[in-house]
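Given the coordinates of chain F, work out where chain V should sit on it, guided by the hints.
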Amino acid sequence: MLLRRLILASLLIGVVTGALLSLGQQLRASQLIHAAEVYEVADHDHGEGHDHHSHGHDHGEHDHTWMPADGTERTFYTLVSDICAATGFAALMLVAMTVAAGYGQRRITPARGLLWGLVGFIAFFVAPGLGLPPELPGFKAAPLEARQLWWVLTVSLTLVAFALLFFARSWQKLGALPLLLIPHVWGAPQLNGPAIANPDPQAIAQLEQLHHSFIIATTLTNAGFWLLLGLGCAIAIQSWSKPHGALSAA
Amino acid sequence: MPISSVSSPAAVNDTALAKPSIMQLSLATLFGVSILFMIGFAKMDVAHNAAHDTRHTLVFPCH
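Protein chains in written order, with the working numbering: chain F, 1 to 250; chain V, 251 to 313.
Because the hints were derived from the structure by calculation, they are not lab data.
Values in this document were obtained by computation on a predicted structure and should not be read as measured data.
One thing to keep in mind: the hints can contain errors.
[Said to hold, decoys possible] Okay, the calculated bits of chain F under chain V, using three or more residues with CB under 8 Å as the criterion:
1) 76 to 86
2) 143 to 152
3) 168 to 181
4) 192 to 200
[Stated by the list, open to error] Okay, the calculated bits of chain V under chain F, using three or more residues with CB under 8 Å as the criterion:
5) 269 to 280
6) 284 to 292
The C-beta atom is built at its ideal place from N, Cα and C for all residues, glycine as well.
Chain F on its own, in the form it takes in the complex (with noise of 0.2 Å):
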């Protein structure tokens, strides 16, 4: 039962690894976004996909919807999004290895776990990151749907430039360069007009603040997140291929 291993694998190395993630993401990151909705004004006019509210600290002006309290409930829902998150990066990242070893005879050791882990780090964080930085609640930014696509589509290329980069031969690893750089010579969505909503020049200093420290916190987080994902995933495939692991059992 192939399958049910990676799924149980995936979820064994999402809870650990997204308990992890949260934890990192509490002592910073999520910090830095409940002090930005300090900042956020209602924006009503703007109609590029804002049905959500203004998370956390005022509740009811136009949000009937269900949302977590701020503080435990709030920690508690976030913990459990990020396990779910981890599980979902530990899928496709056991998929890729399991594809790797077994299909195209790579050894995959805990220590090149944390090379998959960097690789997946800079497919998943950076590349998106380049066009369209961390944000934080406060800002406004070109419609959801654009940038939305245009993650998607720089996550895929990028991927598909490292499989390229690592797994074609000779002249054919050329071809990740265009693929890496396509989607930044494209270019992300970008907004027209001022990204702060709040006139305030008080709050825009603050929130230009606030953003600083948020790249830097998430950049932090997210490269030890992946860096144990990597680390998890490569010891699960190395258990399999044991003699002992699951695979002769299975």
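Same frame as chain F, but now just chain V:
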């Protein structure tokens, strides 16, 4: 005569990994992508509100 490397347990050495079928790999990929879609992209307010801080931290386009 073709040699099957997975038909016999004796053929499994300490570095070889059993090859899952394309179907198994596709289903595992679908599993991963579906979760990530729910956490990172779903437009439902409830999904957005629950995963709000995760979306911001993992650089998914939010709002």
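Cross-check of the supplied hints:
| no. | hint | result |
| --- | --- | --- |
| 1 | 76 to 86 | holds (count 7) |
| 2 | 143 to 152 | holds (count 4) |
| 3 | 168 to 181 | violated (count 0) |
| 4 | 192 to 200 | violated (count 0) |
| 5 | 269 to 280 | holds (count 8) |
| 6 | 284 to 292 | holds (count 7) |
Hints 3 and 4 from the list above are not met by this structure, while the remaining hints are.
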